[in-house]
Amino acid sequence: MPAALTSKRHRVEDPADAIEFCFRQGWSDGLPVVPPTEARVRAMLEAARLPPEQQVGFVAHRAVSITAEKVAINAVLAGCRPEYMPVVVAAVEGISDLRFSYHGPGTSTAGAGVLVIVNGPVARELDVNAGDNLFGPGWRANLTIGRAVRLVMRNVCGSRPGTLDRGTLGHPGRLAYVIAENEADSPWTPLHVERGLRAEQSAVTVMAAEGPRQFYNQLSATAEGVLTTLADDMRISGNVMGQPHYCVVLAGEHMRTIAGDGWDKKRIRQFLWEHTRNTHAHLKRTQRMSGAPEPGDETTLRPLLASPEDILVVAAGGRAGAFSCYIPGWSSVKSSQAVTKEVKR
Amino acid sequence: MIELLDPTVEATTRPITYVDRPRSLEGKRIGLVENTKFNSDRPLARIGDLLKTEYGAAGWTMFRKHNSSVPAHDEIVQELSKTCDVMVAGIGD
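So the protein sequences, as listed, match chains H and F.
Just so we're aligned, residue 405 is where the first sequence starts under our numbering, counting upward by one.
Just so we're aligned, residue 92 is where the second sequence starts under our numbering, counting upward by one.
The hints are simulated quantities; they were obtained by calculation from the structure and are not laboratory data.
Some hints could be false.
To be verified - Keeping only pairs whose Cα atoms sit at most 25 angstroms apart, straight-line, the calculated DMTMM-like set for lysine to aspartate or glutamate is:
no. : chain 1 : residue 1 : chain 2 : residue 2
1   : F       : Lys128    : H       : Glu598
2   : H       : Lys738    : F       : Glu170
3   : H       : Lys748    : H       : Asp636
4   : H       : Lys412    : F       : Asp132
5   : H       : Lys412    : F       : Asp97
6   : F       : Lys128    : H       : Asp701
7   : H       : Lys412    : F       : Glu170
8   : F       : Lys143    : H       : Glu598
9   : H       : Lys670    : H       : Asp701
10  : H       : Lys738    : F       : Asp97
Keep in mind it's a predicted model, so treat the numbers as computed, not measured.
With the hints as constraints, model all of the structure from the sequences given.
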């Protein structure tokens, strides 16, 4: 006898009515949803081998307990296949972690999305896109896993626009913001391994994030050349007075150019950290730092990030095209940290 | 007929006991809690000054949260409860 599902039940006439009913209840992100019937919800729970009452996460600052049943219902709404459920669960564990500090990125006027980076075998098994059109559209796993995370935030954690979600602008990644690392082609250590897991484990890394910003370098054939362009683009972006993180996504051509010079991720991070510092004089002249420029400000440097380790380097994106991107994190170094969780299957 | 499961959670309620409001601020020690945002300490300090000069408060002490996105941490809550009679918290954004 399976454990009872305790969520409130609503009756509607047919599937079309069900979709409209979900809109009227405010359960949708603006797109049609899949009606969450008991059979579909149970299939999600079974795929993750979770009892409905099990707590997946607890958002301390809002005193909200997120149960497996609620994650499953929202995963159905989002259009997930049951086998995606363990990835959704790991991402929800990530945003519930105290280091992620949910209330800030879930509420702030700065309008962060939750960037979810999938690593390990699960990414390939579920066909989570790591290549062309990395940020979409076109891949069910990417779009529905990300959508499920956002619907949990909306329907369980209370992050609804206009109330406990006060994003001034928001961004398209707040609908769904899931990528995988291209471990098959990457010459570098995968992100989850850098963050303490083994290569054969599957993992998600969640990061409170602004939208992706593409940069061009169609000229250089060296690592230093490509990364000099990237650093110049990054230097004035996001909260230049103290970013917690950047995610740097290096696509095929740039990845091959940089790796061809023998640079690993550590060297990439160190170079970017050193070359994204701003002078106090520039920050003051451009009204990002208070006060008038003083003697010495032209040579006093302020790092964009506290440490090179705060840059997450991911190999992903199409094979062709001399473009890559960087993604500023949300707010400040104390406010939210990227979190990596194993996908348990 | 189709039966749908509700994806939302019911808000749980719990009683909160409030202390009585002081009848007067005369001689009261004021605690100010600022949220670390740029300039957030300035209006609070001004409020503290006004409570002192216009309402007779004994003085004020500023406390600083870890960051603007989290509740005040235990250490400053404990310190506030020991050293202040009244507190003012606000958000600077």
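Among all the numbered hints in the text so far, which are the ones the structure does not match?
1, 3, 4, 7, 8, 9 and 10
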